[in-house]
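Asker: Sequence:
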Amino acid sequence: MNNMIADIVLNVKVHCLLFPDEPEYDSKMNEQDIGRLFVSVNTVWRGAGIRWKLHSCVKRKVDNPDARGFSSITKKREWRTLLGKISPITPLVLQKHIWNVCLMNAFPVASWGVYLAETQTVFLAEFSHLNRPNAVILSHEFGHMLGLHHVQYEGNLMNQRSLNNLQNSLYLSFDNIVPPLNQEQITNARKQAQLGPKRIDR
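So the number in my numbering is just where the residue sits in the sequence shown, counting from 1, plus 10.
No wet-lab data here; the hints were simulated from the structure.
You may find that some hints are simply not true.
[Said to hold, decoys possible] Below, in silico cross-link-like pairs of lysine to aspartate or glutamate (DMTMM-like), each with a Cα-Cα straight-line distance of 20 angstroms or less: (1) K95 <-> E194; (2) K69 <-> D36; (3) K95 <-> E41; (4) K95 <-> E32; (5) K69 <-> E32.
[Stated by the list, open to error] Distance windows between CB atoms, simulated: (6) N174 <-> R209: 40 to 48 angstroms; (7) R56 <-> K201: 24 to 32 angstroms; (8) S121 <-> N175: 12 to 20 angstroms; (9) E128 <-> S66: 19 to 27 angstroms; (10) R209 <-> V68: 19 to 27 angstroms; (11) R209 <-> Q42: 26 to 34 angstroms; (12) R171 <-> N40: 27 to 35 angstroms.
Ideal Cβ placement from N, Cα and C applies to all residues, glycine included.
All chains should be built: construct the whole structure from the sequences, respecting the hints.
Answerer: Below is the structure:
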């Protein structure tokens, strides 16, 4: 609850990806790890009155032959194309109600997270270079999922340059993290939350 505004609860389905041909990318998190990740994410988002609920967690083997070869990727565009091929398929009737997140141990390119608006799916590398769960990165990608764009405001969740400081604040002062979104962003995010994950067809 935020200033007497009712929380909006969003159901998240987490897909722990397994790569038979490239096990170095296999998700390493168990359900307890993911539960703790969501506690941190909800600490970041509580100022907006939006709560991300772990609805279900499944292990999913990536068996699409067109999506092999992660290790050889050097360009982000190629990587996004492959991620599109392994994104979960959600029935149309559920697309407004299920928010998909795919976990991998690491990415082959210099990135920790990405939102594919064309498949309405967040992909997350599970741990930072400090071996901490990437809670702030996931929170940032959830912002994109809710239609928020990058901004230049210092300390804002949608400013990529602020994410390291926010991550440190989250771990050093768990209960006192500064709300990292402004009122306009909160209003827009809550509106999109009622519509489902932001979609952009490419």
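Asker: All the hints need checking, so say for each whether the structure fits it.
Answerer: These are the hints, each one checked on the structure:
1. K95 <-> E194: Status violated; Cα separation ~34 angstroms.
2. K69 <-> D36: holds (10 angstroms)
3. K95 <-> E41: Violated. K95 to E41 sits at ~25 angstroms, over the 20 angstroms cutoff.
4. K95 <-> E32: holds (16 angstroms)
5. K69 <-> E32: Holds, because 16 angstroms separates the two Cα atoms, which is no more than 20 angstroms.
6. N174 <-> R209: 40 to 48 angstroms: violated (30 angstroms)
7. R56 <-> K201: 24 to 32 angstroms: For K201 against R56, whose Cβ atoms are near 18 angstroms apart, the range 24 to 32 angstroms is violated.
8. S121 <-> N175: 12 to 20 angstroms: Given about 19 angstroms between the Cβ atoms, the range holds.
9. E128 <-> S66: 19 to 27 angstroms: holds (23 angstroms)
10. R209 <-> V68: 19 to 27 angstroms: holds (22 angstroms)
11. R209 <-> Q42: 26 to 34 angstroms: Distance hint for R209, Q42 holds at roughly 32 angstroms.
12. R171 <-> N40: 27 to 35 angstroms: holds (32 angstroms)
Violated hints, in rising order: 1, 3, 6 and 7; the structure is consistent with all others.
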